Amino acid sequence: MLENIFSNTRDKAPYVHNITNYVTVNDCANIILACGASPIMADDIAEVAEITSICNALVINIGTLNERTIPAMLAAGKKANELKIPVILDPVGVGASKLRTETALHLMKEVNFSVIRGNASEIKTLYLGNGITKGVDVNDADKITEYNSAQAITMAQEFHKHTGAVIAITGEIDIVAGYDKFYLIRNGHPMMSRITGTGCMLTAVIGALCAANPDRILEATVAGVCAMGICGELAYSKVTSQGQGTASFRIYLLDAMSNMDDDMVMTRKNLETLM
Amino acid sequence: MLENIFSNTRDKAPYVHNITNYVTVNDCANIILACGASPIMADDIAEVAEITSICNALVINIGTLNERTIPAMLAAGKKANELKIPVILDPVGVGASKLRTETALHLMKEVNFSVIRGNASEIKTLYLGNGITKGVDVNDADKITEYNSAQAITMAQEFHKHTGAVIAITGEIDIVAGYDKFYLIRNGHPMMSRITGTGCMLTAVIGALCAANPDRILEATVAGVCAMGICGELAYSKVTSQGQGTASFRIYLLDAMSNMDDDMVMTRKNLETLM
Amino acid sequence: MLENIFSNTRDKAPYVHNITNYVTVNDCANIILACGASPIMADDIAEVAEITSICNALVINIGTLNERTIPAMLAAGKKANELKIPVILDPVGVGASKLRTETALHLMKEVNFSVIRGNASEIKTLYLGNGITKGVDVNDADKITEYNSAQAITMAQEFHKHTGAVIAITGEIDIVAGYDKFYLIRNGHPMMSRITGTGCMLTAVIGALCAANPDRILEATVAGVCAMGICGELAYSKVTSQGQGTASFRIYLLDAMSNMDDDMVMTRKNLETLM
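Sequences listed follow chains A, B and C, in order. The opening residue of the first sequence carries number 10 in this note's numbering; numbering runs sequentially from there. The opening residue of the second sequence carries number 10 in this note's numbering; numbering runs sequentially from there. The opening residue of the third sequence carries number 10 in this note's numbering; numbering runs sequentially from there.
Hints are not guaranteed to be accurate.
If chains are identical, the list can't say which one is meant, so a pair holds when it fits in one copy or spans any two.
[Claimed, not checked] Derived lysine to any residue pairs resembling SDA-like cross-links, with alpha carbons at most 25 Å apart:
no.: 1; residue 1: K190; residue 2: E167
no.: 2; residue 1: K190; residue 2: G173
no.: 3; residue 1: K278; residue 2: D189
no.: 4; residue 1: K107; residue 2: I79
no.: 5; residue 1: K107; residue 2: R77
no.: 6; residue 1: K278; residue 2: M200
no.: 7; residue 1: K93; residue 2: N196
no.: 8; residue 1: K152; residue 2: M273
no.: 9; residue 1: K21; residue 2: F168
no.: 10; residue 1: K21; residue 2: A150
no.: 11; residue 1: K152; residue 2: E111
no.: 12; residue 1: K107; residue 2: A84
no.: 13; residue 1: K170; residue 2: E59
no.: 14; residue 1: K87; residue 2: R77
no.: 15; residue 1: K170; residue 2: K190
no.: 16; residue 1: K107; residue 2: P80
no.: 17; residue 1: K21; residue 2: G180
no.: 18; residue 1: K152; residue 2: K190
no.: 19; residue 1: K170; residue 2: S158
no.: 20; residue 1: K247; residue 2: M200
no.: 21; residue 1: K21; residue 2: Q253
no.: 22; residue 1: K118; residue 2: I54
no.: 23; residue 1: K93; residue 2: N148
no.: 24; residue 1: K107; residue 2: S62
no.: 25; residue 1: K247; residue 2: M273
no.: 26; residue 1: K247; residue 2: R203
no.: 27; residue 1: K190; residue 2: N13
no.: 28; residue 1: K21; residue 2: K152
no.: 29; residue 1: K21; residue 2: K278
no.: 30; residue 1: K278; residue 2: G138
Keep in mind the hints are simulated off the structure, nothing from the lab. As the structure is a computational prediction, the values presented were derived from the model and not from experiment.
So here's chain A without its partners, still in its complex pose:
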């Protein structure tokens, strides 16, 4: 099911409009390029609709949302819907403040998202329509493990039905749900949580892959989640062998994405399909 997701992206070199945070924006731009797509960052209300119009997908990330960028997110999202290009939401830190929760819920009301990716606490907050998260990290009680994944799968599936979006809940185990199918993905490495931006970067990768594969949103999302996890595994193996730390890990992770292809995804994916 994941055939050609990456090769399509490298062949088409699609454009991805990002309205994102200023913390991880450089990593997001670089990982989109590493996938073979081309990033455009633009967040002024006077140009976002026009920029979306020349792009193949839109990624909205609320990591450092503010009064100036929130209306821009809405305007770009509506334009993307009008043009029927994929829109991906990363509700960073939703639940940590009223502003984040209300903004994300408002965006979900006004914009049809193709994919929503967050950690378990963020998705739970959106699913329940409220909630309290502790900053940008998942709450311990919400973490998905082998023992509680059934509950998270149900939430993902229900949330998918409510929103129509493919739902990706990422953490130690990743869940992707959409169109009566759901997947568990066990790629990745704990060191990924020791650098900033692995979540944001994954969302950017999903944006790139969806831009090139707009009729295969579910597959593109699954491929993106697998690929990111594989990059984490590859990066960790390099760090271990050279006795380095988290900054080298980050470089190796981006390196791995720049060399990623469909074969690597197929060979190394740790994917369980549930129906």
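Fit chains B and C to the given chain A structure using the hints.
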């Protein structure tokens, strides 16, 4: 005196709210994670007090201050004081413009800071209540050397008395003053001034260590200054041995912080205690 | 003609004021430091003129322009003209939105630029006073190759006459035009387009070199273009030999700039002078 500063940070994994600049924000987030703490960047006035409320420390860095973020800095600072969590100020480039000087002085009037860290020109500007600095670097005339450190120590001690904050003046020689004690630290390497953000990163590290050790602000600050200098030394030794440049140095410096522990601080610190 | 451009920069350590985008700002700051100059990023209208006043050059990059920063760009540009220090324009993505095109044209009307650097589509947009570019990348039809460079050279020369600015059009082949001279530069490597910010970084390098060599704007620009390309070549040779990817490439490129000197530029430049 520096026992367990790092192990407490790694054990507690505290949250650090940062209102900081967009130049070095990614490095600040990554070095906070490298210390074992968790960074949250949020700067909209509509959410900063709420974000501060779920955190264990607040770092205010005026590197790219603007009319939108200055009120947010004030609001977050006041909330942090109300909650009695540590607040750290990095007065980047103070003295280079009226906006910076007035903002920093206003912040100091309205918010009680636990730690203020800057270079000698920045601290001198705040100490005198005015002054002219040349951009974000220390003026040559203000540089602390073995020959003029006595004067800088006096300034640090006086400034501590006026503000109640632990004062860290960093440069070739670092001075930390607080509670009738002062320290000279001779760790570090000149290559640290050839990359952007070593000052900002140090302030972020101090924020992380203070978040986990709120009753040991002076010790946490000293440990942070020593640790950052040690990381610079370790990074330089790797660069030298491989014939690389400043970008590799930056990676190795962050790597070193991700592997830092109390033993390393105790063993390699070059710390002189003056009473 | 390129003698001492780098040594002057390392000797004088000039200050470069940057009003730039939040995507590549960290890379811009680090590469300015790598050249031996000192970056200052400040974009609030309340301080930009004052910051420009303490600097030796100003770089304006419209990559993530917004309603708050556009007036700041104008104010800083006018102050730089008044002080007769070099002003460099990077019209990122001009043609991709009315906001970008109108802003860049307005800036060119109100500010005398010393250097304008962009890709072929961006320069064409400014030259024609309008145009459509596809995001931040060059349009395929505009790419400069061995077969169509004559046309691009004419455009560069004409645009120089209209504006008085040295014009640098960068891509597979780079063109620099100014003062009845023009140059073709064939340094560089295609991997440079697989990371974000090589264009922005080159503009920042030109800013640093012009800051130290204000009477040799044309030579400083040519030296910057050659040096950036050489860094790309050196970085690629390291990546190839170690089987790494684009993130390592970016580190090696910055490393190479931190070790760049006039000898290296003279020895490795692939420069054709046309009169």
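Hints, one by one, checked against the model:
no. : hint        : verdict
1   : K190 / E167 : within (12 Å within a copy, 60 Å between copies)
2   : K190 / G173 : within (13 Å within a copy, 60 Å between copies)
3   : K278 / D189 : within (21 Å within a copy, 59 Å between copies)
4   : K107 / I79  : both (14 Å within a copy, 21 Å between copies)
5   : K107 / R77  : both (17 Å within a copy, 19 Å between copies)
6   : K278 / M200 : within (18 Å within a copy, 28 Å between copies)
7   : K93 / N196  : neither (31 Å within a copy, 41 Å between copies)
8   : K152 / M273 : neither (28 Å within a copy, 33 Å between copies)
9   : K21 / F168  : neither (31 Å within a copy, 33 Å between copies)
10  : K21 / A150  : between (42 Å within a copy, 16 Å between copies)
11  : K152 / E111 : within (23 Å within a copy, 45 Å between copies)
12  : K107 / A84  : both (21 Å within a copy, 16 Å between copies)
13  : K170 / E59  : neither (31 Å within a copy, 32 Å between copies)
14  : K87 / R77   : both (17 Å within a copy, 24 Å between copies)
15  : K170 / K190 : within (11 Å within a copy, 63 Å between copies)
16  : K107 / P80  : both (16 Å within a copy, 19 Å between copies)
17  : K21 / G180  : between (30 Å within a copy, 20 Å between copies)
18  : K152 / K190 : within (22 Å within a copy, 45 Å between copies)
19  : K170 / S158 : within (18 Å within a copy, 55 Å between copies)
20  : K247 / M200 : both (12 Å within a copy, 22 Å between copies)
21  : K21 / Q253  : between (36 Å within a copy, 24 Å between copies)
22  : K118 / I54  : both (19 Å within a copy, 24 Å between copies)
23  : K93 / N148  : between (35 Å within a copy, 24 Å between copies)
24  : K107 / S62  : between (31 Å within a copy, 13 Å between copies)
25  : K247 / M273 : both (17 Å within a copy, 24 Å between copies)
26  : K247 / R203 : both (16 Å within a copy, 22 Å between copies)
27  : K190 / N13  : within (20 Å within a copy, 49 Å between copies)
28  : K21 / K152  : between (37 Å within a copy, 18 Å between copies)
29  : K21 / K278  : within (24 Å within a copy, 34 Å between copies)
30  : K278 / G138 : neither (33 Å within a copy, 50 Å between copies)
Of the numbered hints given earlier, the model fails hints 7, 8, 9, 13 and 30; all others are met.
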